[in-house]
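Using full-length UniProt numbering, the letters of the sequence shown correspond one by one to residues 1 to 459.
In short, the hints are calculated from the structure, not lab data.
All values reported here derive from a predicted model rather than from experimental measurement.
Mixed in with the good hints there might be a few duds.
As the list claims (entries may be wrong) - Below are the DMTMM-like pairs computed for lysine to aspartate or glutamate, each with C-alpha atoms no more than 25 Å apart in a straight line: (1) K330 <-> D86; (2) K371 <-> E399; (3) K411 <-> E399; (4) K330 <-> D341; (5) K333 <-> E344; (6) K352 <-> D341; (7) K330 <-> E158; (8) K112 <-> E399; (9) K112 <-> D102; (10) K444 <-> E107; (11) K244 <-> D217.
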Amino acid sequence: MFQIQNSKSYGFSVLFLTSIIINVLLISKRYVGEGDLTWTKRAATEAEAVAAISCSGHGRAYLDGLILDGKQEPICECSDCYGGPDCSQLFPNCTVNANSGDPLFLEPFWVKHAGSSAFLVAGWHRMSYMYSDGSYISQELESHIRKVHAIVGNAITEGRYIAFGVGSTQLLNAAVRALSPRNASSPARVVASIPFYPVYEEQTNLFQSMDFKFEGDTSSWKNNSDVYTDMIEFVTSPNNPDGKLNQAVLEGENVKTIYDHAYYWPHFTPIPTPADGDIMLFSMSKFTGHAGSRFGWAVIKDEAIYQRMIRYSQLNTIGVCRDSQLRALKLLKVVLQQRNDIYEFGYATMMKRWERLSSVISMSERFSLQKIAPNYCNFFQKVRDPSPAYAWLKCEREEDKDCHAVLRAGKIDGREGNRFSAGDRYVRLSLLRRQDDFDLLIQKLNQLVSRKEDGSKSM
Numbered sequence: 001m002f003q004i005q006n007s008k009s010y011g012f013s014v015l016f017l018t019s020i021i022i023n024v025l026l027i028s029k030r031y032v033g034e035g036d037l038t039w040t041k042r043a044a045t046e047a048e049a050v051a052a053i054s055c056s057g058h059g060r061a062y063l064d065g066l067i068l069d070g071k072q073e074p075i076c077e078c079s080d081c082y083g084g085p086d087c088s089q090l091f092p093n094c095t096v097n098a099n100s101g102d103p104l105f106l107e108p109f110w111v112k113h114a115g116s117s118a119f120l121v122a123g124w125h126r127m128s129y130m131y132s133d134g135s136y137i138s139q140e141l142e143s144h145i146r147k148v149h150a151i152v153g154n155a156i157t158e159g160r161y162i163a164f165g166v167g168s169t170q171l172l173n174a175a176v177r178a179l180s181p182r183n184a185s186s187p188a189r190v191v192a193s194i195p196f197y198p199v200y201e202e203q204t205n206l207f208q209s210m211d212f213k214f215e216g217d218t219s220s221w222k223n224n225s226d227v228y229t230d231m232i233e234f235v236t237s238p239n240n241p242d243g244k245l246n247q248a249v250l251e252g253e254n255v256k257t258i259y260d261h262a263y264y265w266p267h268f269t270p271i272p273t274p275a276d277g278d279i280m281l282f283s284m285s286k287f288t289g290h291a292g293s294r295f296g297w298a299v300i301k302d303e304a305i306y307q308r309m310i311r312y313s314q315l316n317t318i319g320v321c322r323d324s325q326l327r328a329l330k331l332l333k334v335v336l337q338q339r340n341d342i343y344e345f346g347y348a349t350m351m352k353r354w355e356r357l358s359s360v361i362s363m364s365e366r367f368s369l370q371k372i373a374p375n376y377c378n379f380f381q382k383v384r385d386p387s388p389a390y391a392w393l394k395c396e397r398e399e400d401k402d403c404h405a406v407l408r409a410g411k412i413d414g415r416e417g418n419r420f421s422a423g424d425r426y427v428r429l430s431l432l433r434r435q436d437d438f439d440l441l442i443q444k445l446n447q448l449v450s451r452k453e454d455g456s457k458s459m
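When you get a sec, could you build the whole thing from the sequences and use the hints?
Here it is as structure tokens:
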């Protein structure tokens, strides 16, 4: 009898202890949450569902994509020359887009790092015009930018000021205005070395001012002895369109220089030394590939110039979108966590593309490419082969005076050389786009190169 009672007592004790444990776990789950998501679940589910939409590897579906009548999900947005509901249909007679500088070659890198690069923005995130310190600049983002430059070794940022812009494009005119004299007897002359990025001229002319004026090619001012004329020189390094590591041409106390280093990353060029210019411009567009986020920055030596550029941004756009700054911060965190991954991926992709393109053009006497020699890269600690963002193609035959028209006839749309003030025999071909675009470009070039004139000579 005693054993039965003892057994019952033991059983009740076990049940009581079990009840306590269950209640503790339930309370813990209720108040601590054990990491469970609450209001983010729906947004995460929507994002994953859209990312899972199949577009046959030739397109993407996006959360903000068009939703057609009767559908519950956004449509596939296809690569150029592909179509159909799932982008599986190739249009063989389509003209390939080699004009745009969209850096979509980095898309596979971010797909690979989908989890670490994704982020969710609350509906109440940064609703104010300013950050809590009264500025328009995320201090954490600025800190990460400095870390990236220190690791890559492409720019000196210690003791410098950093200004943000809506892409580096906004910072171009901000820098020109900041460097131009006020109420001078004549405007500052803005120049660049041919071939140069056309936005320098187009933007300077658009924002007409009595303080500055675009004057064309730098070389025409090289031997100018007028020390009273203020000069502003754009130096693009690597250059857009030909990938050369340009240096400043003009010298003197009356000369100010703006260094456009949008492509000064290991993806596109060896990094021989850290850049040390008075004003240096960079962009997320060509660094991480996120052109649509419209985020760039300037590294500036002089505080007065920095303050003028900051003032320009404040009056022009009230700073840079806080959501863009948040996304840039998230992406830079991934870049830093993954160490060399993005640089190795970018370089390997662009190098292979350059090799394939060079191989095709080498079979032709009709076309030629810019010459880029292998060079030592301090970042990779080795001599590395070329990997430019663009091919600067020249039509060599006398009758091919309009190279853009020659390529258009071969179903290739490049950017005309005259846009870069270099003449009609040149065309810039973008190597930055999706693999689909590049493969089609090589296919069309092969057809042009292998076509025979007069039934005899290969072009």
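Checked hints:
1. K330 <-> D86: violated, 31 Å
2. K371 <-> E399: holds, 23 Å
3. K411 <-> E399: Holds, at roughly 19 Å.
4. K330 <-> D341: Distance ~16 Å between K330 and D341 Cα, so the pair holds.
5. K333 <-> E344: Judged against 25 Å, a Cα distance of about 17 Å means the pair holds.
6. K352 <-> D341: Since the Cα atoms of K352 and D341 sit roughly 17 Å apart, the hinted pair holds (cutoff 25 Å).
7. K330 <-> E158: With a Cα-Cα distance of about 23 Å, the restraint between K330 and E158 holds, given a limit of 25 Å.
8. K112 <-> E399: violated, 47 Å
9. K112 <-> D102: holds, 19 Å
10. K444 <-> E107: At roughly 23 Å apart (the allowed maximum being 25 Å), E107 and K444 satisfy the hint.
11. K244 <-> D217: With a Cα-Cα distance of about 16 Å, the restraint between K244 and D217 holds, given a limit of 25 Å.
When held up to the earlier numbered hints, the structure conflicts with 1, 8 and fits the remainder.
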